[in-house]
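Could you slot chain U onto chain A? The hints should help.
Here the protein sequences line up with chains A and U, keeping their order. Just so you know, we're using my numbering here: the first sequence kicks off at 19 and counts up by one. Just so you know, we're using my numbering here: the second sequence kicks off at 108 and counts up by one.
Worth flagging that the hints you see were computed from the coordinates, not collected in a lab. Using N, Cα and C, we set each Cβ at its ideal position, and we do this for glycine too. Zero decoy hints are in this set.
Distance windows between CB atoms, simulated:
#1 U:LYS316 <-> A:GLU93: 28 to 38 Å
#2 A:PRO149 <-> U:ILE418: 26 to 36 Å
#3 U:LEU120 <-> A:PRO397: 24 to 34 Å
Lysine-lysine pairs mimicking BS3-like chemistry, simulated, CA-CA at most 27 Å apart:
#4 U:LYS336 <-> A:LYS172
#5 U:LYS317 <-> A:LYS113
#6 A:LYS113 <-> U:LYS336
#7 U:LYS316 <-> A:LYS172
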Amino acid sequence: MHPGSEIPILNVENLTVAYQHGETWQNAVRDVSLRISSGETLGLVGESGSGKTTLLYGIMRYLPAGGRLRGGTIELAGQDLSALSDAEMRHVWGKQIGMVPQNPQTSLNPTIQVGEQIAETVRHHLSLDGPAAWRRVIELLEMVHINDPHRVSKSYPHQISGGMQQRILIAMALSTEPILLVLDEPTTNLDVTTQAEILDLIGEQIQVHKTAAIYVTHNLGVAANICDRIAVMYAGELVEEAPTSGLFEKPLHPYTQGLLDSVPRLGETKSSLRLRAIEGQIPPIDEHPPGCVFAPRCPIAIEICKQHTPLYVPDTGRRTRCHRWEELMLEEVFARQKPAPKIQQQDEFAEEDQTLKLENISVHFPVKRSLREALSRSPTKTVKAVDGVNMQMSKRETLGLVGESGSGKTTLARAVMGLVEKTGGKMELLGISLPSRLSERHLDTLRSLQMVFQDSDGALNPYLSIGESLRRPLISLVGINRAQADAEVDKLLNAVHLRSSFAQRLPGQLSGGEKQRVAIARAFASNPDLLICDEPVSSLDVSVQASILNLLNDLQLENHSSLLFISHDLAVVGYLADFIFVMYLGQIMQEAQAVDLFDSPYHPYTEALLSAIPVADPQALQDFIRLEDALPNPTDELTGCPYHTRCQRTLGNICEQETPPWQEDENGKRIYCHIPLEELRAAQKRAFAQPRSERE
Amino acid sequence: MTQYVLRRLGFLLLTLLFTSLIIFAVTQFLPGDPCRVILGREVGEAALEDCREDLGLNVPVPIQYLNWLTKFVSSDWGTSFSTKTAIYPLVMNRLRNSLWLAAISLVIAVPVSILLGVIAGLNENKLSDTLINVTGLSVVGLPAFVTGVVLIQIFAFNLRILPANSSIPPESTFSEALPMLILPALTITLILLAYFTRLTRAGVIEELKKPYVRTADLKGLPRRVVIAKHVLRNALLPTITVIAISFGWLISGLVIVENVFNYPGLGRLMVFAIDRRDLPLMQAVTMITVVGFALANLVADLMYAALNPRIRFK
Chain A
19 MHPGSEIPIL NVENLTVAYQ HGETWQNAVR DVSLRISSGE TLGLVGESGS
69 GKTTLLYGIM RYLPAGGRLR GGTIELAGQD LSALSDAEMR HVWGKQIGMV
119 PQNPQTSLNP TIQVGEQIAE TVRHHLSLDG PAAWRRVIEL LEMVHINDPH
169 RVSKSYPHQI SGGMQQRILI AMALSTEPIL LVLDEPTTNL DVTTQAEILD
219 LIGEQIQVHK TAAIYVTHNL GVAANICDRI AVMYAGELVE EAPTSGLFEK
269 PLHPYTQGLL DSVPRLGETK SSLRLRAIEG QIPPIDEHPP GCVFAPRCPI
319 AIEICKQHTP LYVPDTGRRT RCHRWEELML EEVFARQKPA PKIQQQDEFA
369 EEDQTLKLEN ISVHFPVKRS LREALSRSPT KTVKAVDGVN MQMSKRETLG
419 LVGESGSGKT TLARAVMGLV EKTGGKMELL GISLPSRLSE RHLDTLRSLQ
469 MVFQDSDGAL NPYLSIGESL RRPLISLVGI NRAQADAEVD KLLNAVHLRS
519 SFAQRLPGQL SGGEKQRVAI ARAFASNPDL LICDEPVSSL DVSVQASILN
569 LLNDLQLENH SSLLFISHDL AVVGYLADFI FVMYLGQIMQ EAQAVDLFDS
619 PYHPYTEALL SAIPVADPQA LQDFIRLEDA LPNPTDELTG CPYHTRCQRT
669 LGNICEQETP PWQEDENGKR IYCHIPLEEL RAAQKRAFAQ PRSERE
Chain U
108 MTQYVLRRLG FLLLTLLFTS LIIFAVTQFL PGDPCRVILG REVGEAALED
158 CREDLGLNVP VPIQYLNWLT KFVSSDWGTS FSTKTAIYPL VMNRLRNSLW
208 LAAISLVIAV PVSILLGVIA GLNENKLSDT LINVTGLSVV GLPAFVTGVV
258 LIQIFAFNLR ILPANSSIPP ESTFSEALPM LILPALTITL ILLAYFTRLT
308 RAGVIEELKK PYVRTADLKG LPRRVVIAKH VLRNALLPTI TVIAISFGWL
358 ISGLVIVENV FNYPGLGRLM VFAIDRRDLP LMQAVTMITV VGFALANLVA
408 DLMYAALNPR IRFK
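Next comes chain A alone, as it looks inside the complex (with noise of 0.2 Å):
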């Protein structure tokens, strides 16, 4: 791909986008300048805060009331667009540019059946008529790979499943063959295995369609996957552009090197070494400073970084934004640091101790019943959320539990913590039997007992003050007096890296990962023996991802605790983990040790969730496993494995007839299987992406 070569499809020139906030104007995107060619897919990287979703709506021109372009142009196929107005603008959109939203469950009209939903699109712009559109649907949604496309268009969104919702709108931007396509992070919502599909299904129709496009996504490893070329944006500033090999091989940016840095990668787990987090924060849009924007977070900052930093081009097609750009190209500067990791003291505690021990735990909920059943007298449908789990855990131990949605992982974390009631199977913290419900169980089992939330925002009391939040806990759990609590909420917050300042301010003043950590600070508060950590850093950005997982690392050192640490994501949870379960649909297909998990024999729906992963690695070969279906309805009974149905290494009927067997290898590694393991073993090549310095 030569950029430049052929004439652009879209010229963005020094594109500065500005937010009204009262009485003056903010910048969010200043001095940007992209261009596109047909056939090609830029993508545009960049953390919360960055500016790329900013940038993305400006070069479409739908901004917001309080938002405007304050300079540059956009050129869409030679046509200035910075010039039009709302209705002209309207003969562009759907035409000319696609848009693929994030999140299709709401990007849909609920009322409107979905098939519709495309069809007026292509009647208003191709002026078909009504049976030529429908006729035309159905192609669309035969393009997608959607099959039975007539009960689907005449679905409505809440009938379909995510996937299958953001496969209509994949067909619904490329209806009229536009000529750019734009991605807004359309597989941030997804499942793992489901991102995948649609990857693969975007990677295809952009090479058939040949179309250019812009894909924004916070994930490199995406980027990676998709893109020919990256931009990276950091506080509505273009600070790289490369060709994606290119960047990932030799990023010429300390911010593009510390994104890199702080993914854990498939393979790397806490032992092996400590994530890089990039110190500090974004500064607020009205904050920045002289020069270079990134330099005070920046490791290799120096006097000059405080001067304005121009866009230098090292190389055809390369663009990058630091002054130290010769000597990260020579590596006579290194931006990238592997820091030590720190040494778990292995042989401290005794093998006996037991933090946590699961028995055969159920969770099965009742379907309602209509009246026609319940006068059938046919047997209650359940939904088996959780169906016979046993887990052991030991002190000090993380145990990752891994899942895609359905697989009942936090079905199973609110049974443990009592929010939840178990319909069967026994618990015990510390040997002492654990009641099922929460109000049965003494202060002495909250108080070991703690959770931590993936929603940042709902877990802290918008009106209480992070210091009262951190008193409570303390107060009502450890039992210390209010004068001396302060004392304790101070150390509380140092330990979590916030300032005791922290304390008087509320919920709705801190970032996400701030209050992330206040979550943390207050779940050790009680200095409990488990902490359950259900997907705590899934919707944090990258950086603070990072930062957060050292974090709970380092207090679980220092405190002793077991973690429970559960998580769709493998690669972050095969970084944190000593242990690590593979769930799916209420039951546990894999237990292995973390640095066996990615070495083969894996269960095959393992096997499935490695190959899905994006990984943030261009060169990276990966073994494209693609799972067909979708999960099997949770009412139905089940026999045998419950894999089975998608199973890419289904042996036939003794899978749908007959329960596997637990098989265990050498290294204490268990599959729940029919396959013996070493047939496994022989057949899987690795079946995930083996970066590309560490082959060979």
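For chain U alone, kept in the frame of chain A given last:
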């Protein structure tokens, strides 16, 4: 969907049954002997006994209830204590009048308020929005007897195009009654407008923020299509249910308007019955009112289900 409808109908019947129990029970606890009320104070015991026999007061209370209930269902609502005429035709006539008035009021109020609400919602915080809000608020604050009288003054006395009095005779047809319905309907409309407009405005503002509107915009659909086709059917859901529910109120709650215009509706009938301690009449009007409310609620639920596919298809 049929399941949903059947379930709702079931609830309706249960509600009505339960209410009838309450109404009957209340009348049992009222002091005083109905026969004394009917026959006066001077009559002898024998006459009272006969009266009680006639009215079926000598049987056990549960039987009295069942008798009453069966009679009610078969349109035998007895005789009014005060007018000494059959209750059923009287109440039905008044019900018809109230239904006419309610219908006309809604026919005027609903389109106007939806239009105003949409305009206000689309122009949030701009001049048109402020104007509509202020007008609505000031109008809703005016009591019906003020607006009614003012309307009579303007249209009946000054402009002389509409009648000042709306006491339609019982035998009149709809077209005969129509001119007399307009002024009371306008008075009611002014009250309803404020509520419906605000609700529609809120609904529109809420929906405009949603991502699917952005999707519709960015498909290049003209703005009017985005509003009319995509936004409205979601924004109007709460308004429509409120409109359906208000129908119940419109049938029996318009005492003041009926008084100002001398309109023979159910509201005035109820006041009349209470004034004269006319028990059977009170019971009948109450039951009809309850039936009206319950049906209005049912219609509201059904309409909501019809318009919202998420309820329709579980």
